[in-house]
Every structure is written in C-alpha cells, then in structure tokens.
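Note that the protein sequences, when read in sequence, are chains A and B.
One point on numbering: in this note's numbering, the residue at position 113 of the first sequence is 113, and numbering is uninterrupted.
So this note's numbering is basically just the index in the second sequence, starting at one, shifted up by 1000.
Just so you know, the hints here were simulated from the structure itself, not pulled from any lab data.
It is possible that part of the hints are untrue.
[As the list claims (entries may be wrong)] Examples of chain A residues toward chain B, derived with CB under 10 Å:
| hint | residue |
| --- | --- |
| 1 | Gly6 |
| 2 | Leu8 |
| 3 | Leu28 |
| 4 | Pro43 |
| 5 | Ala46 |
| 6 | Ala97 |
| 7 | Leu100 |
| 8 | His102 |
| 9 | Thr106 |
| 10 | Pro165 |
| 11 | Phe178 |
| 12 | Phe182 |
Every residue, glycine too, gets a C-beta built ideally from N, C-alpha and C.
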Amino acid sequence: MHIMEGFLPGPWWQIWFLISAPFIIYGLYQLKILVNERREALPLLAVAGAFMFVLSSLKLPSVTGSCSHPTGTGLGAILFGPFITSVLALIVLIYQALFLAHGGLTTLGANVFSMGIAGPIVAWAIYRAGAKTGINTFVTVFLAAALADLFTYVMTSVQLALAFPAEAGGFTTSLVAFGTVFAFTQVPLAIIEGLVIALVFKYIIAVRPDLLVGLNVLTERTVERIRGPAA
Amino acid sequence: MENILDDYAHTNGLREVDTRVKLLLGAGCILIGVMSQTPYAPLFIGLSLGCATVLLARIPTGIYLRLLAIPASFAVTSCIVILLLTGGGELLREWSVFGLHLAVTTESTDLALLLLARTFGGMSALYFIALTTPAVELFAVMRQLHLPQEFIDLSMLIYRYIFILIGEAIAIRNAQVMRFGYTTFRNSLSAFSMLAAMLFLRSWEKGEDLLRAMDARCYDGKLNVMDQEGRIPRGALLSVAVYLCICIAFMVIPGG
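Working from the sequences, and respecting the hints, build out all of it.
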C-alpha cells in the first residue's frame, strides 16, 4: 500500500528516509559482495526485480472488486533475503512512482520502510523459522507472504497515525482508525497474496526445483519429499 | 494492465529539454509543496504544472485527468480519517460512533484541505517528471550523482526487463482469458498463480540467457555506457528559478 506524494508532512518523511537508509546501505553492501563473488547474480536479481514490478502492476482477483495489487516482496525476501530485497524494492518503488503513479518521491522513505524492509524481514523470518521446524513448506510460504503483507499494511497505518495523531486518544486512536479503514481491502489482499505465492512456489518446485536449491531456499531433501508422491 | 507513463515520456513536447532542468523543476516543486503550510502553493504548483504537462509537453488531457484519479481513492479515505480525528480550533460538528469520538473542527478541515492540496501539487510534479523524462535519461543523472555502480546497473537491467515481462504477462493473460481462466473467483485465483509462477520461471530463464549473452561480450561485472555530457542551458535554468521563486512566494501568503 503506497502513501502518495505530498501526503506525509514535515519531519516525518525525512525521518522515514533516515530510518530506511541503514537497511538500504547494508543491502547495497551485500549486493556489492554478491556481485563481486558471483557474476551471475546481477542479471538474475534484475529479472527478479522486473518480475516484482510486473507482478505489482497486475490486478489481483479481488473479493471486493477494489483495485488491489500484490507486492511480490515476500517472494523476493524468501529467495534473496531481506536486505537485497530492500534494494530491489527501492528500485521497483522508484519505477512505480515514475511509471504507474503509485507512491511518490518524498514518501519513498516511508514506502521503502513499510514495503521493502518491514514486510520482507517478516517474510524472511517466518520462512526461515518454518523451514527449521519442518512445518509443511507451502503453509510456511503462505504464512510468510500473507503476514508480510499484513505487516506492511500495519506499518503504513503506523506511519500515517504517527504523522496525524488524533486529538482525543492520540496515536492509538488514529492507528485504530487508519487500520480499520484500510483493513477492508488489505486483509483479503494479504490472504490472496499468501495463496498466490504458495501456488507460485508449488509451480516452481514442479518445474525448476534446481533454482530454489541453488539459492539455498530449499534443501534437496525437502524437494524430494515434496515431489515424492507426485513422481 | 495500466498505462506505462514512460511511453509518453519518449514522445512528449519537452523531450529535448535538459534532463537536469526538468528534474530540478519537479523536485523543487515537490519540496516546496510538502513544506508549504498553506494550500495555496501546492494548488498553484498543481495547476501550473498540470497546464505545462498538457500544453507544453502535449500529453492528452483525458489521460492526464485519469492519472490524477489514481491517487484519489487513497487520498480521500485518508483525508476523511484525518478530518474526523485530528482536532484544534472551533468545533463544527461531532458524533460518537462505537465509543470513538469523531469531531470536525476548523483546524482539522484546514489540515485535510492542506493535505489534499499537497497531494494534488506533489502528484502533478511527479507526473511532470514521469511524463517528460524517459527513464533512460535518469540513468545518466544517477551516474553523475555517483550512486553505486551495482545499483545503477541493476536499475538499468530491471528497466529493460520490465517491458519484456509485461509483454509476456499480457500474452499469458490473453491465453488464459480465452480459455475461461478468469470466469469464477476460484478459477481466477489459480489462473493468476499460474501466470505469476510462469512469469517468474520465464524471467529467470531470460536472466540466464542474458548472462550468457553478456558473457559472450566479455562481461566482468560492470556495464559501461556512454553518456552525453553537457552544460545546463542558462535560459532554461533561469526560468525554472523564477518559477520556483513564484511558488515560494505563494507559500508566504497567509492562510485565510
């Protein structure tokens, strides 16, 4: 969910830039190391970024009929880890602002934080935790993508509530109000995105499991276990 | 599928104007709009840049108006929340719903109007950049700003692949629609997932092809591109400066 240009006032848009900066800088540092070590990383990351952009420009089948977009950052975080995903998300968000008029330039810091940093970190943490405990991979992927989406939307509400606290009740009342207003579109969207990403995972495992093994997302053993009954 | 604004940027009337001048104008307006405490400056920016985009850059009016409607839903819902929750000044109206105290006051009305104006001004400035400056030109400016090489390379490659993947996505979607892929909610869910997965796999294969193509041309982890260097034209710079000063003057007008 993008906050558009001009919506965040005074100190807040600068603050969110400052908060996002260390994550992006660390992501760029990781990217530099990765590209130096493995030349092949750059073109593959590029197509993944383009994929995120295209996915987010497609309309999801939605219950309410409202305009809703998948973020695709959950998938990115599962595949490449949260920091490199935040660099990809930054580029994708700049393009979304310039090509599709989603979001803006002064609100870029806040949007990168909610969609490119907070969401991916949640997705990555859930996926890693799920992979360790050996819960069904698809359930883990569903939870990772859906909760990342939900967390992104909660973060956006927090950002708006911090910038515009209510007169009576301050930050909390404002948070509840923004949360409720956006929940109508964002909660179904998160569930749908979770389902879609889990199915995407299923298709990738069916067609090219070697990609996921190569990125250390799945072990050979898990792939065999998932593909076992089908083969 | 939505309009990609970049398509218009390649054929707009201000295509030949120096990129840095256009960026300066857009970014300056965005900053002035977001800092302004009264709605006048952002409204002036919105109207004047809107006219500039339609008249000087010759973007079709209908398309421009439709673009302005995109952020409207988010802006209106958020402004209603702000209108009802923030306070200060005289009380105009109040309700109590589910224990929530909702009140419209003079200051909350001012704030909601200011935000609408800022969004309008900011979006016009953003559209001005988006519709007059092709992304290719932005890479040259990024290099002049000495952003990290990996970041710029990644941006260029992503930009290149966006268009290829959009083509693929449209083709897959058309094929699915013809086979009743989106008739029911259940169908559309599975069709959409299939589309996303195939798009991912195809883009990955494209990435592997790209690597092979780059390897064949002695890729060593760096993409070198020729840039045209040149001085910023004085006249254009001066007129942008004058325009920005007028915008700043609008900031000083006291709120009514």
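- Can you give the numbers of the hints that this structure goes against, from lowest to highest? none
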